[in-house]
Amino acid sequence: MSASGKEPVAVVGIGQTKHVAARHDVSIAGLVREAAVRALADAELTWADIDAVVIGKAPDFFEGVMMPELYLADALGAVGKPMLRVHTAGSVGGSTALVASNLVAARVHRTVLTLAFEKQSESNAMWGLSLPVPFQQPLLAGAGGFFAPHVRAYMRRTGAPDTVGSLVAYKDRRNALKNPYAHLHEHDITLEKVQASPMLWDPIRYSETCPSSDGACAMILTDREGAARSPKPPAWVHGGAMRSEPTLFAGKDFVSPQAGKDCAADVYRQAGITDPRREIDAVEMYVPFSWYEPMWLENLGFAEEGEGWKLTEAGVTELDGDLPVNPSGGVLSTNPIGASGMIRFAEAALQVRGQAGEHQVPDARRAMGHAYGGGAQFFAMWLVGAEPPAS
Amino acid sequence: MPGTPRTRRHAREVAVIAFAQSDHLRRTDELSEVEMVMPVLHQVLAQTGLKAGEIGFTCSGSSDYLAGRAFSFTMTLDGVGAWPPISESHVEMDGAWALYEAWVKIQTGEADTALVYSYGKSSPGSVRDVLTRQLDPYYLAPLWPDAVALAALQAQALIDAGETDEAGLAAIGARSRAAASANPHAQLTGAVPQGDYQVAPLRTGDCPPVGDGAAAVILAAGDVARRLCGRPAWITGIDHRIEAHSLGLRDLTDSPSTRIAAEHAGVFEGPVDTAELHAPFSSQEVVLRKALGLGEGVSVNLSGGALAANPMMAAGLIRIGEAAARIHRGESDRAVAHATSGPCLQQNLVAVLEGDRA
Numbered sequence: 001m002s003a004s005g006k007e008p009v010a011v012v013g014i015g016q017t018k019h020v021a022a023r024h025d026v027s028i029a030g031l032v033r034e035a036a037v038r039a040l041a042d043a044e045l046t047w048a049d050i051d052a053v054v055i056g057k058a059p060d061f062f063e064g065v066m067m068p069e070l071y072l073a074d075a076l077g078a079v080g081k082p083m084l085r086v087h088t089a090g091s092v093g094g095s096t097a098l099v100a101s102n103l104v105a106a107r108v109h110r111t112v113l114t115l116a117f118e119k120q121s122e123s124n125a126m127w128g129l130s131l132p133v134p135f136q137q138p139l140l141a142g143a144g145g146f147f148a149p150h151v152r153a154y155m156r157r158t159g160a161p162d163t164v165g166s167l168v169a170y171k172d173r174r175n176a177l178k179n180p181y182a183h184l185h186e187h188d189i190t191l192e193k194v195q196a197s198p199m200l201w202d203p204i205r206y207s208e209t210c211p212s213s214d215g216a217c218a219m220i221l222t223d224r225e226g227a228a229r230s231p232k233p234p235a236w237v238h239g240g241a242m243r244s245e246p247t248l249f250a251g252k253d254f255v256s257p258q259a260g261k262d263c264a265a266d267v268y269r270q271a272g273i274t275d276p277r278r279e280i281d282a283v284e285m286y287v288p289f290s291w292y293e294p295m296w297l298e299n300l301g302f303a304e305e306g307e308g309w310k311l312t313e314a315g316v317t318e319l320d321g322d323l324p325v326n327p328s329g330g331v332l333s334t335n336p337i338g339a340s341g342m343i344r345f346a347e348a349a350l351q352v353r354g355q356a357g358e359h360q361v362p363d364a365r366r367a368m369g370h371a372y373g374g375g376a377q378f379f380a381m382w383l384v385g386a387e388p389p390a391s
Numbered sequence: 001m002p003g004t005p006r007t008r009r010h011a012r013e014v015a016v017i018a019f020a021q022s023d024h025l026r027r028t029d030e031l032s033e034v035e036m037v038m039p040v041l042h043q044v045l046a047q048t049g050l051k052a053g054e055i056g057f058t059c060s061g062s063s064d065y066l067a068g069r070a071f072s073f074t075m076t077l078d079g080v081g082a083w084p085p086i087s088e089s090h091v092e093m094d095g096a097w098a099l100y101e102a103w104v105k106i107q108t109g110e111a112d113t114a115l116v117y118s119y120g121k122s123s124p125g126s127v128r129d130v131l132t133r134q135l136d137p138y139y140l141a142p143l144w145p146d147a148v149a150l151a152a153l154q155a156q157a158l159i160d161a162g163e164t165d166e167a168g169l170a171a172i173g174a175r176s177r178a179a180a181s182a183n184p185h186a187q188l189t190g191a192v193p194q195g196d197y198q199v200a201p202l203r204t205g206d207c208p209p210v211g212d213g214a215a216a217v218i219l220a221a222g223d224v225a226r227r228l229c230g231r232p233a234w235i236t237g238i239d240h241r242i243e244a245h246s247l248g249l250r251d252l253t254d255s256p257s258t259r260i261a262a263e264h265a266g267v268f269e270g271p272v273d274t275a276e277l278h279a280p281f282s283s284q285e286v287v288l289r290k291a292l293g294l295g296e297g298v299s300v301n302l303s304g305g306a307l308a309a310n311p312m313m314a315a316g317l318i319r320i321g322e323a324a325a326r327i328h329r330g331e332s333d334r335a336v337a338h339a340t341s342g343p344c345l346q347q348n349l350v351a352v353l354e355g356d357r358a
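Chains as they are written, first to last, in the working numbering: chain A, 1 to 391; chain B, 1 to 358.
Label-pair ranges, simulated between beta-carbon atoms:
id, chain 1, residue 1, chain 2, residue 2, range
1, A, Gly272, B, Lys51, 30 to 38 Å
2, B, Asp356, A, Arg269, 34 to 42 Å
3, A, Asp162, B, Ala52, 35 to 43 Å
4, A, Glu313, B, Gly53, 36 to 44 Å
5, A, Gly80, B, Val298, 19 to 27 Å
6, B, Ser123, A, Gly80, 30 to 38 Å
7, A, Gly64, B, Gly190, 39 to 47 Å
8, B, Pro142, A, His185, 31 to 39 Å
9, B, Pro142, A, Pro180, 29 to 37 Å
10, A, Arg269, B, Glu296, 52 to 60 Å
11, A, Thr46, B, Gly295, 35 to 43 Å
12, A, Gly64, B, Lys51, 38 to 46 Å
13, B, Val298, A, Arg269, 42 to 50 Å
Which stretches of chain B does chain A cover? Using the computed rule of at least three CB atoms under 8 Å from a CB of chain A, they are:
id, segment
14, 87–97
15, 129–142
If you're looking for bench data, these hints aren't it; they were derived computationally from the structure. Just so you know, even glycine gets a beta-carbon here, dropped at the ideal spot from N, CA and C.
If we strip away everything but chain A, and leave its shape as in the complex, we get (with noise of 0.2 Å):
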């Protein structure tokens, strides 16, 4: 069956908390029901309208709670509604969206609630992310430990110098501060700060690393007909797709994983861009240590291989730049695990439909929302245009 057999799928609803080292005010109930809320006030949409719940988040330890779309169920008004839960590790925002957006595209349900959440301060993500298990590396004391030596293997691959990473970061932060919902405002933020801050993980330095978050992001997801009597320009799914590949094995290329690759060609194929670079108009990238701006702008195809480095030395990834990456400030000042590929493909969506206020990439018609995961293995990617797809 040919793609055009699929109904579009539109965005008309985004909703975000303020994302916050600690959420002390709220339960986890109390978290995902404001995203919900917010999301649902946008689309001016009612919880009667909604036909189906897909949620997601990263491991139930990081909350300590086993399956918390059990007891989520009441406070997402899920009640005599399908509820799904997906889990695909640090893509699980993307996926849950592309889970939700699968829903409306089968013609299964036609509007749909996607959200995803992290409460991170009911517990230390850093420890739930080092795996005490046998025939693993021990003490690789989280993410940063794992992804250190994939970037000094990139800075070697690609003779990049070892500036660019702190430039990644200050541009980040800085367009944090246009972000209301954005957890780091950091309003003395200078680039001699970012590069005098501790080294944490050689080449990564304290200040090119993403903050622990409370946060949640929900999306409300409709069809034609749906999108037809939405109050607000909705932003248009033109492709999206998963790719896996396994954490450890001999040919795994850390730097530019091959399932990264594959992914975006799905979706380019599907939204029928060919020059993602000339094409695209804004990019929502899941970048946790800010080397992996660079390094994703290559796997991603918007520079040749070795190249990613130095578009964003000459600034096209700034905000005014001619290929904007994280206007949000994306995950280097946001990072609730579960819910940061979520706020990619949401802020993605904000971008096209106009609404990203302050942060807002002049015009931008094409967006790309991405999320990868686990040992740099699991990606989850999609791209939105303000117009629908043409089929």
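Using the hints provided, position chain B relative to the given structure of chain A.
Leaving out everything else, chain B in the frame of chain A:
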């Protein structure tokens, strides 16, 4: 109704074309989860002749809390052999919901085949204690009410409502384990003593065995299914619904979520000859039979059901697989398969499976 065409309620015809499961065992200390899953994956692929790389979409179900570590599913994915990279997803739910996600994926037209698998090892910990961690973390979980105690509340409510009695419950357990004698994978079979009260009114014989196990299913669309399977088990309807979490907000003698799911799946649109119900406690079969409107003529849990083997996260997928296998063998024409999750049947999935009529 011979000659009646199958109902078409969705764009694409999708069928279960293969099913495999492990032997379900009280302990599997010598096996990692990957080692437990791998033979099942090989068996299910061998039934169709497909290789992992030829599958259009892969989806799995499991729980980090059983494995005792975050991202536990990444290890099993390595076992699947996701290279070159595959289109893949995972639900932190019973594999029945992974099958649902895969079914949706095939409905979009983006895949023609799907591999679905799930697994769980309950033996490393105390599953009664572990399951308390899925309750409301602020008000309920700190009290550590375990799954058997919660099921006992439901059983007592049924007895108080006159829906069953202890003898009736005992008969369900005895019938299930007698049926399981014909199931080489089952954990508890034959004349198992009803035993002492675990939590009154539930005795040992009313409760599921604790064990480890895995299952896998292959789905295929239309002509692909016809080519790879002699008698595909067409999923003519599938739906799932959730209820409020708090037991105080629910009538425990009823399962409205099962009934709604059954209506959407089309259960009531024709006669059913077979039912595979995921009822870990004997009392829950009473609730499900009523919600699904199953008469005496329906063969219920000829596999032995969850009272004979209840590998967490796989037991629901196994119900779909067992129902499909009966259709593959020509022993059923229209079967209903059911999976549950959460305390006292909070969340329920219902699928209708049909074989082509002669």
